[in-house]
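As they're listed, the protein sequences go chains A and B. Heads up, the first sequence is in my numbering, so the first residue is 65 and it goes up one at a time. Heads up, the second sequence is in my numbering, so the first residue is 2 and it goes up one at a time.
Don't take every hint at face value.
Said to hold, decoys possible - Quick list of the computed label-pair ranges, beta carbon to beta carbon:
1. Pro285(A) x Leu21(B): 22 to 30 Å
2. Thr75(B) x Arg97(A): 51 to 59 Å
3. Leu109(A) x Gly235(B): 51 to 59 Å
Stated by the list, open to error - Below, a list of computed lysine-lysine pairs in the BS3-like style, where the Cα atoms sit at most 27 Å apart:
4. Lys140(A) x Lys156(B)
5. Lys181(B) x Lys263(B)
6. Lys141(B) x Lys140(A)
7. Lys286(B) x Lys263(B)
Quick caveat, the hints were computed from the structure, so don't treat them as lab data. All C-beta atoms, glycine included, are put in the ideal place defined by N, C-alpha and C.
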Amino acid sequence: MATLEAEAGVAAAVVIRDPSDRVSAKVLRAIARAPVHVFLMFVALLWLMPTLGLFLTSLLSPGDFAANGWWKIISKPHLATWANYGNVWHNTDIPTAIRITAEIAIGGTFLPIIIAALAGYAFAWVEFPGRDWLFVAVIAMLVVPLQMALIPIFSLYNHLHLYDTILGLVLFHTAFGLPFAIFLLRNFFIGIPRDILESARIDGASELRIFLKLILPLGLPAIASLAIFQFLWTWNDLLVALVMARNTVPITVDIFSQLRQFGSNIDIIAPASFLSMIIPLSVFFAFQRYFVQGLLAGSVK
Amino acid sequence: MLAAPPAGGPGVLRRHAVALGFLVPAAVVLSLWIVYPTIYTIVSSFYGKDGFSYGKGFGHGFVGIDNYKSIFTTSILVTAIKNSAIWILVAPATVTAIGLVFAVLTERIRWAVAFKSIVFMPMAISLFATGVIWHVMYIKDPSQGAVNAGIGAVKSWFTTPGALSSASPSTPALTGSADKGYVLHKTVAAGGIAELGLTAIPPTDVPASAKQAATPQPKPGAIDGVVWRDFKPGGGTPGKVEQGELGLPGVVVELFDPSGKKVQSATTGADGSFEFSGVKGAGYKTGIGAATFAKPFAGVSWLGSRLITPSIIIAYIWVWAGFAMVVIGAGLAAISREVLEAARTDGATEWQVFRRITVPMLAPVLSVVFITMLINVLKVFDIVVSIAPGSTQSDASVIAVQMWRQSFGGVNDFGLGSAIAVFLFILVVPVLLLNVRRFRREV
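I would like the entire structure built from these sequences, with the hints used as guidance.
What follows is the structure, encoded as structure tokens:
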């Protein structure tokens with residue numbers, strides 16, 4: 065009896081001592097980790113600063129830009145003005161360029177996803193001879209640099225009158241978005257439980273119906289990630305539009321043509337660049353979760 | 002409608018037809034925009050300025066491997082290849098390392114989500130806009146460029162810019178130069194005075210606090226003196242402190258013993274006066290230290306020909322570190338907690354846990370990040386053309402930029418452009434084979 069009580073006492077002591085130990089250990093660890101917090105805060109500031117700098121630069125009048133660093137706005141808020149934005153909006157082609165960019169990005173997002181979803185479903189769930197070989201070809205195309213297509217497509221577009229058209233740019237982005245899109249969707253679709261598909265087939269559903277009613281809704285998370293990727297990729301493109309268009313140009317090319325006089329055009333370049341970032345940044349912050357999922361599905365398997 | 006049986010029977014044929022229908026759009030687009038151009042570009046790379054043309058046939062304009070020779074002999078292309086080599090050696094490894102550090106540090110931090118969003122955000126911005134952003138950051142003048150402003154601020158904690166930007170002695174008694182400092186020729190003994198006159202001082206250098214120059218008075222056991230602007234409108238006698246001449250505050254004055262060793266230094270007051278106390282004996286020399294003329298920080302030329310490539314790589318790392326962090330972070334989350342805890346219980350230090358367990362277990366993820374970055378780095382284009390100003394565009398050039406410049410940027414040499422594209426393609430072929438092999442192993 066006595067031993068039992070003693071044992072219980074020891075046990076109680078252990079139970080009591082344990083949390084207090086953990087608390088002090090926690091405090092100790094928190095102190096030990098303080099430099100980590102300070103370091104990470106410093107890094108976060110460092111990472112925010114360049115973007116903030118461009119935004120504040122876009123608020124400086126040309127005269128104030130020549131005399132002040134953008135950080136002076138923080139201590140002298142009266143230097144900030146929206147005048148540059150008004151000027152860019154009313155007196156330049158930037159609004160047109162933004163409209164063109166949006167058209168390219170929307171077309172260049174929907175088209176490859178539709179085509180890739182069809183192909184991804186066929187690769188994942190329809191058995192046909194040579195399937196694996198064709199998919200290997202798709203994987204091989206994943207890393208083909210788009211530089212390989214610039215010259216032939218440029219010539220082809222001149223013949224087909226696709227040069228300097230939105231359709232031409234959309235088709236180019238569709239083609240170079242497809243390998244990744246097919247790869248991602250096929251891998252996602254293959255994870256859909258076989259039973260669901262088989263029972264739908266036994267119930268007499270056509271392949272098209274299965275695709276529309278089952279695969280697309282179930283594949284929505286993957287399609288969402290893909291859509292964000294493809295949208296950002298086409299919205300942010302410079303090279304393809306630089307080669308394939310002259311007058312029907314997206315905002316990146318429009319700003320690019322002003323870079324030669326960087327110093328004197330800063331009152332246009334800075335606000336226009338910031339305007340070009342607003343939509344991608346909004347998309348990014350609104351759908352960050354899908355973006356990360358897509359990234360992980362694409363790079364880590 | 003007939004139910005399609007799982008395998009065999011007439012359903013198989015129909016399913017083949019369906020597969021064909023589903024694959025046709027992708028097959029058409031991929032053949033026309035990727036497969037056909039790839040073959041055409043490879044063929045064209047053996048042809049002259051106009052590339053291969055169907056109308057003129059295979060014989061016309063064939064140049065063999067001349068274009069490939071040009072890649073390695075034209076100086077601008079050699080520069081581009083060298084720069085691309087720097088990119089390949091530096092960027093993927095740095096991005097992976099920084100991503101690893103960030104991923105490990107944020108692992109047990111409560112505001113990790115906020116931190117990751119911030120570091121990840123540049124991924125959404127176009128590389129072109131990134132170039133504009135960093136062009137603004139890299140402006141040379143520290144009053145406009147934030148990077149140089151930061152360096153200037155840190156530097157000013159250790160060294161302050163001198164009181165004067167330039168000056169020359171008012172009499173031949175003072176010799177030397179602004180770079181090395183001026184020394185008064187005549188030696189001074191304890192109780193003596195030193196008069197250090199300067200002229201040719203830009204009026205803006207004379208501080209508003211400057212007062213009428215003091216006339217130094219001898220004091221036993223000390224050397225007193227004055228540094229003043231030995232100039233007054235309408236003449237005056239050089240070498241003599243006169244009414245209307247201002248003292249120069251903030252000047253660093255140095256005292257040398259007979260052996261030439263610096264023994265004391267002082268800074269002048271508002272009236273230009275200074276004093277070295279506790280001096281014994283004779284044979285001392287006084288002078289104005291070079292620190293007086295120290296130039297303020299003029300800014301590092303980040304966009305100049307020497308630093309342009311490292312500068313662009315820094316901006317590129319700013320974009321991609323978030324990618325590496327997120328992917329490695331996901332890999333980190335998948336490592337079993339028990340293994341790490343077991344190692345810690347066995348007395349392993351955090352560093353040992355990191356070095357011997359975390360990194361080896363992350364190796365597959367790290368290699369994926371590294372290879373992804375390798376491919377991205379080879380194709381880098383936008384950020385280079387948007388950061389580098391016209392004057393250093395050619396110093397910053399990389400393979401992908403030259404592919405565009407040679408083909409479309411004025412030169413319009415489709416043969417050479419094709420050869421550069423093929424060169425780029427050959428560099429990614431190992432990764433292509435790696436991907437294919439990985440897939441075939443899975444099947």
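Run through the hints listed earlier and report the numbers of any the structure violates, in increasing order.
Checked against the structure, no hint fails, so every one of them is satisfied.
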